[in-house]
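Number of protein chains: 2
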Amino acid sequence: MGKVRIQIASSLDGFVAGPDQSVENPLGVGGMSLHEWVFTLAAWREPHGLEGGEVNESTPVVEESQANLGAVLMGRNMFGGGPGPWGDDPWNGWWGENPPFHVPVFVLTHHEREPLVMDGGTTFTFVTDGIDSALEQARDAAGDQDVQISGGASVAGQYLAAGLVDELNINLVPLILGAGERLLDGVGTGLRLEQVRAIEAPGVTHLRYRVVH
Amino acid sequence: MGKVRIQIASSLDGFVAGPDQSVENPLGVGGMSLHEWVFTLAAWREPHGLEGGEVNESTPVVEESQANLGAVLMGRNMFGGGPGPWGDDPWNGWWGENPPFHVPVFVLTHHEREPLVMDGGTTFTFVTDGIDSALEQARDAAGDQDVQISGGASVAGQYLAAGLVDELNINLVPLILGAGERLLDGVGTGLRLEQVRAIEAPGVTHLRYRVVH
Numbered sequence: 753m754g755k756v757r758i759q760i761a762s763s764l765d766g767f768v769a770g771p772d773q774s775v776e777n778p779l780g781v782g783g784m785s786l787h788e789w790v791f792t793l794a795a796w797r798e799p800h801g802l803e804g805g806e807v808n809e810s811t812p813v814v815e816e817s818q819a820n821l822g823a824v825l826m827g828r829n830m831f832g833g834g835p836g837p838w839g840d841d842p843w844n845g846w847w848g849e850n851p852p853f854h855v856p857v858f859v860l861t862h863h864e865r866e867p868l869v870m871d872g873g874t875t876f877t878f879v880t881d882g883i884d885s886a887l888e889q890a891r892d893a894a895g896d897q898d899v900q901i902s903g904g905a906s907v908a909g910q911y912l913a914a915g916l917v918d919e920l921n922i923n924l925v926p927l928i929l930g931a932g933e934r935l936l937d938g939v940g941t942g943l944r945l946e947q948v949r950a951i952e953a954p955g956v957t958h959l960r961y962r963v964v965h
Numbered sequence: 753m754g755k756v757r758i759q760i761a762s763s764l765d766g767f768v769a770g771p772d773q774s775v776e777n778p779l780g781v782g783g784m785s786l787h788e789w790v791f792t793l794a795a796w797r798e799p800h801g802l803e804g805g806e807v808n809e810s811t812p813v814v815e816e817s818q819a820n821l822g823a824v825l826m827g828r829n830m831f832g833g834g835p836g837p838w839g840d841d842p843w844n845g846w847w848g849e850n851p852p853f854h855v856p857v858f859v860l861t862h863h864e865r866e867p868l869v870m871d872g873g874t875t876f877t878f879v880t881d882g883i884d885s886a887l888e889q890a891r892d893a894a895g896d897q898d899v900q901i902s903g904g905a906s907v908a909g910q911y912l913a914a915g916l917v918d919e920l921n922i923n924l925v926p927l928i929l930g931a932g933e934r935l936l937d938g939v940g941t942g943l944r945l946e947q948v949r950a951i952e953a954p955g956v957t958h959l960r961y962r963v964v965h
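Top to bottom, those sequences are chains A and B.
So for the first sequence, our numbering puts the first residue at 753; every next one is plus one.
So for the second sequence, our numbering puts the first residue at 753; every next one is plus one.
Among the hints, a few may not be true.
Covered by chain A, per the in silico footprint, the following chain B stretches (three or more residues, Cβ under 8 Å) [claimed, not checked]:
1) 763–771
2) 924–930
3) 944–950
4) 955–965
Hints in this document: simulated from the structure, not taken from any laboratory.
All C-beta atoms in this analysis are idealised placements derived from N, C-alpha and C, irrespective of residue type, glycine included.
From just these sequences and the hints, can you work out the full model?
Pasting the structure below:
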């Protein structure tokens with residue numbers, strides 16, 4: 753069985769999204785800046801269908817996060833959608849016709865919806881019966897490979913608090929957001945972490961922690 | 753003129769002291785664990801008059817923080833004392849007869865007190881007229897050497913917010929404190945940081961940021 757791992761970018765003051773999140777601005781004010789380090793990388797651009805890009809100390813970290821990946825879990829806002837029901841003409845999320853995941857993606861939501869089959873191997877399955885069910889479905893889909901929890905903060909924090917995560921990867925960016933959503937608020941002081949590594953890269957430090965069960 | 757640098761340990765959720773701080777427990781519940789990585793080091797034990805200890809990746813970081821140091825700034829709680837006035841028989845802080853600083857130390861407080869001359873080159877000067885005055889006095893005492901702001905969170909945060917800090921060193925420990933005092937709450941989103949380095953060491957990551965003025 754593969755690992756369950758969180759992969760998330762955080763500001764130095766602990767925010768994984770900025771304030772005033774909305775359907776138009778799901779990362780909140782300033783939140784997009786958390787990801788600038790990755791947009792310039794060839795290793796990120798290629799699976800997103802973009803040419804060019806840099807190779808630097810972040811490259812092996814990004815390649816590793818894409819390797820051995822069997823399924824992805826995310827919250828509804830990260831898929832793309834407001835707080836209401838899907839409506840009669842629901843859209844297909846932020847990720848375009850050929851989403852960059854290329855594996856089954858499980859979206860936690862309160863609103864039922866038929867699965868969406870996209871180009872390039874990505875399917876979105878909408879799970880309405882909670883985090884345990886979503887993880888079970890993701891594990892089944894992933895087989896021996898890993899399940900990645902990509903966010904947002906609420907979904908990732910719920911899995912951490914429930915003790916269902918094996919590995920926490922934080923891409924720490926030297927940014928002060930001042931407000932927004934924190935990953936580690938409410939996960940509880942019972943969460944025991946062991947530092948696995950810290951990799952310095954341009955404009956970001958890649959931290960990896962093992963959850964001690 | 754030397755640099756003004758903050759040197760502080762933080763939990764992964766951003767707390768530099770735990771909850772329920774008191775005169776008896778100035779670091780709050782769990783706060784002492786933020787410093788465990790340093791207590792085992794020979795480089796820390798020697799200036800504290802203790803024998804033995806380890807040498808590891810943290811050693812050069814600790815040695816560097818002790819080098820070129822001309823003065824230290826701290827809040828009253830870090831010196832050692834509750835919120836009230838000093839009283840008729842004030843004690844001389846947490847740091848013993850031979851404090852580990854060996855340089856002039858400036859203590860921000862609301863209560864006047866005569867300077868304290870300790871063994872080993874440490875003097876405590878109590879400053880009641882604000883952070884600008886305290887920094888000016890520390891700079892004068894430091895000459896060409898650096899001024900280190902050692903905490904607590906409130907004092908360090910005030911200097912960051914006022915744009916008076918050149919370098920921010922965070923020793924990031926894989927601990928969830930869940931509550932307490934955060935360094936970066938309230939410093940404002942105008943604080944611009946540039947990552948200088950990240951050093952992985954046993955049980956801690958040493959992060960250094962330059963403040964962009």
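To see whether the hints hold, each was checked on the structure:
1. Restraint check on the region 763–771 of chain B versus chain A: 3 residues with Cβ-Cβ distances below 8 Å, three needed, restraint holds.
2. Counting residues of the region 924–930 of chain B whose beta carbon lies closer than 8 Å to any beta carbon of chain A gives 6, which reaches the threshold of three, so the coverage claim holds.
3. Against chain A, the region 944–950 of chain B contributes 5 residues with a C-beta closer than 8 Å to a partner C-beta. That satisfies the three-residue criterion, and the hint holds.
4. Interface restraint, the region 955–965 of chain B with chain A: holds (5 residues with C-beta to C-beta distance below 8 Å; minimum three).
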